[in-house]
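Protein chains in written order, with the numbering used here: chain A, 1 to 216; chain B, 217 to 754; chain C, 755 to 1093.
Derived from the structure by calculation, the hints contain no laboratory data. The beta-carbon is built from N, C-alpha and C at its ideal position, and this holds for glycine as well. Do not take every clue at face value.
Said to hold, decoys possible - Short, incomplete list of chain C residues facing chain B, as computed with Cβ under 7 Å:
id, residue
1, Ser806
2, Ser810
3, Asn938
4, Lys939
5, Ser942
6, Gly950
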Amino acid sequence: MNNILEIINLSHAYSKNENSITGINLDIQEGERVSILGPSGCGKSTLLRLIAGLEKPSQGEIKIKGIKASSRENLLPPEKRNVGLVVQDKALFPHLSVYSNICFGIKKNKTKDDIASELLTLFKIENLKSKYPHEISGGEQQRVALARSLATNPDLLMLDEPFSALDKDLKETLYSEISLVFSERKSTILLVTHDQKEAELMTERQIMMEKGSFLE
Amino acid sequence: MNRFSIWRLLPFAVLIIFTAPLLIVLSTLFGSYSENWFHLYEFVLADYIISSLILVIGVSILVLFLGTVTAWTVTTYNFKGKKVFEWALILPLAIPPYILAYTFTGLFDPFGDANNFIRSVFNLKDSTIIFPNVRNIYGAIVVFAFTLYPYVYLVSRSAFINQSKSMQEAARLLGLNQLEVFYKLALPLIRPAAIGGMMLVIMETLSDFGAVDHFAIQTFTTGIFRTWYGLYDLQTAMQLASLLLLTVGIFYFIERSSRGDGIYTSNNSTFSPNEEVNLTGLKALTAFLVCFIPIFIGFLLPIVELSLWAYEVNLGFFNNKFLENSINTLSLSFLTGLICAALALLINFSIRYKPSILVGRFSALLSIGYAVPGLILAVGMVQLLVYLDNLAFSGFDIVLTGSLLGLVLAYVIKTYALANSSIESGYERISYSLDDSSKLLGSTSWNMLGNIHIPLLKTSILTSVLLVMSDVVKELPATLILRPFNFETLAVSTYIYASEERMIQAAAPAIAIVLIGLIPIVLLSKMIRSSRPIENRE
Amino acid sequence: MKKIQLILLLSFFGHVIMSNEVNVYTSRHYDSDDLLYKEFTQETGIKVNIISGKGSALLQRLKSEGSNSPADIFFTVDAGNLWKVQKEGLFQSIQSDLVLSSVPENLRGPNDEWTAIAKRARVIFYNPENVSEEMIKDIDYEDLSNPEWRNKIVVRSSSNMYNQSLVASLISNLGEEQTESWANKLVSNFARKPQGNDRSQIIAVANGEADLAIANSYYIGIMLSGSAGEEQLVAAKKVKMAFPNQKNRGTHINISGAGVLKSAPNQKNANRFLEFLISKKVQKTMVDKSYEYPILESIRPSDEIASFGTDFKEDQISVKSFGELNPSAVRLMDRSGWK
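The following block holds chain A by itself, in its conformation from the complex (with noise of 0.2 Å):
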């Protein structure tokens, strides 16, 4: 059993009073593609923090790789996790070219350039190599956003509705051009969306989730 992600139990609650998430359990193993569906405010976003180390849970725990990340007492720090996130914002580097942006998590020199050209192909995205973030559309900041998390070789890539922001059109082709590269690379990932038919053409298994639960 090669579970990537295990998470028992698992509570939180930003005020005293609401749970934002409760009693959450959820496997996934190497190289699955699981996708989490609710509406807005259900607190799917809040799991994908969660999971990634940048909060810390109220209740329940969370193993990577089958070593305890999260817990109520404990918090490996996000830096050690070897998860990925891109989010909506995409939140790339200004200052920093598309190139540089993808190499930024890359610790060993010698393989940079080379995992770097990869994925820029990958991507298609070669002719974008020294163009700074507010140089390239919305679609290509997302490309590059994926292609830098990418780069590090995750155990697990998160997605956070990665693609809401793009026009209709420009999803569509984002749907199969990725859906090809998480194949070859035999990723795992966890993506989290409110369009159902994203989520049926990008992953084999999908999870509802409402007010902070599962639904069964």
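Once you've looked at the hints, dock chains B and C against the given chain A.
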């Protein structure tokens, strides 16, 4: 269109008056060079340049470190005392460098309070000296760094707050730990802002006279003083001043061009709540100390020392002289405040009422005064007044040189920028549609200004007067030169006592200066507290 | 009515010239002088208007006022400062025979354009606990450059006029070359970088930070009187004063002096004022309060100062030369690194 509208002409007229002293100083570069100049050139100029360089480099490094690290600590982490530190970190701005210099020597001189204290506590011989000598360039670097770092702190803090948190989180997920996020990502991104802050620090350092004089360091300012007062050579002093002015000018232009660089701001930034990291235990203590130490050295220590000294004089310092000086100081600064506010009002109104690109550009030049060292302004002013006296007034029994006119004018030129920025931002909040409506209802320009703008700008006007007052109160070199005879301000009084090594008597006027200087700090701190991210406001 | 208003208004920004008075521009900052001026008014009925400031600021003002200047008297310390004013051609010869006969020639300016009012010596202060009588006996200024005083001497900055005049007198007596060599070695004998004023130097010697201090004689009087505070009084008690060059030409002396300005509107009153300053009574008062040495032979200096010795030999060189040689002195000090 009335081409000779007073609103069109006003900015130019003011510009001429503001730049006259500077042009006079610069013009000496083309004049004759006396024997003294060549002597200076051969023996002493190198000292001035080297000292200034060491000062600038040392202070820049230290200030960059202090300002950015404290700003980062306070914006990224949550720890005990953070809410106080956020605004308290700017307190050292209330202490002008020369006052910190005086307290340092009073404390750390071989027979100063600190050494005396250690000796009495541990029963040591008189020849034991624990604390290093501060009366050198390194002491000066420390003094400037700890009173001026708030400039860098303020701009860094503002820049950090505006940075996209999701960008920093992305970096974390890409494998950077928190320290790396600071110096690999956040710090490079605030570079323009930090540089702007550093330029202000450098300009203030180069302008100082009181601190470097007290520490017996040969810099341009002390050189100018010595050449004029010691060698009685105004011409050479002005030539030295020109060199200093040109140097400062370089930093001024760097500062102006560092503002607003599009690449460094991100397009979208989502504000994720609760992104501050909570610290406990040793980490919290470290954060606490990181913030506490600058405030301690730059503010608490001098205040305590000054208060102890003032206590030793008991109520003796409330003598006639002190009262007289206080009245002089307050009335001069108030007068300057009024003039600056009025000018800023009129000029900003001119720009708004009769807009033109040329006028707008020229008006920006009016703010140049803040970059010019007070000493240079004073030197140019003296010469200007001498010219005017010879020209216009030789028939009359009036003499301008040595009157208050020169001093007030110098103050106005120096602090106009403060009043202007306050009034300018006040005007930005007044919608143009108000002007339009008023015009349609038949208002004249004066009408609009008096009945509509001024009431709406009340806070800005008050702020500008207060800001100007606190700056004028601290001013030293220009005051020393331009003051009428038998006229002393608090700053001059502090300087005279300190230069006679009578620190205890210097305490009272020094504290008065600091207290008045706290006024804009209070204003600023209010602004800081309201600039916290919305989620963190209690 | 309008004229008065205008004058009142303008007087804020400038100043207006009045009459029947004597206008004194002074750079001496001794509170005791104020009492003197009141005394003059009581005796003569002439009002004394004082404008005080730094010597060069006063000079600047005199120059820009030109012939309109209301100044009658220019009163200052150090012959070097007087020479600077004289160089600009601003003085007129003193008319009063009384003054001219009371004050010895070497203490008057060229063409009698100014006169000394009091004297001070630039002496060497030492702490008997650290410096034996033997070491200090018969000491000369020239000895200060000897290697045995390495790191043991303190003196204020070369930017101060008193030091410049001392060096000027040395140039006059010894020649520039010898003086420069002396200055070079003196600088390496400094215990610390020149900082602070004369009193700081005396305090440093009292504290043991240095062995010898070069400073003006009257400071010991001020410090011993207690008027400058406890710390200075305690320090003063620890030190003694030595008059250099007693076995040859005599100790360097300098003066407080005054002159009548060329454009003086109240010339007669000005000369009378000078006579007043030279009078026995005023000389006594002045030296008692400022601890300087009197011009008149018959007056004794104050007790505090007198206790250190009154009949010391004075360098008879004319104080005129201090001013003339001032630029050379300053440049020499710069060359030798005396900061």
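Do the hints match the structure? See the list:
| no. | hint | in the structure |
| --- | --- | --- |
| 1 | Ser806 | 6 Å, holds |
| 2 | Ser810 | 5 Å, holds |
| 3 | Asn938 | 13 Å, violated |
| 4 | Lys939 | 18 Å, violated |
| 5 | Ser942 | 17 Å, violated |
| 6 | Gly950 | 5 Å, holds |
In summary, the structure is inconsistent with hints 3, 4 and 5 from the numbered list given earlier, while agreeing with the others.
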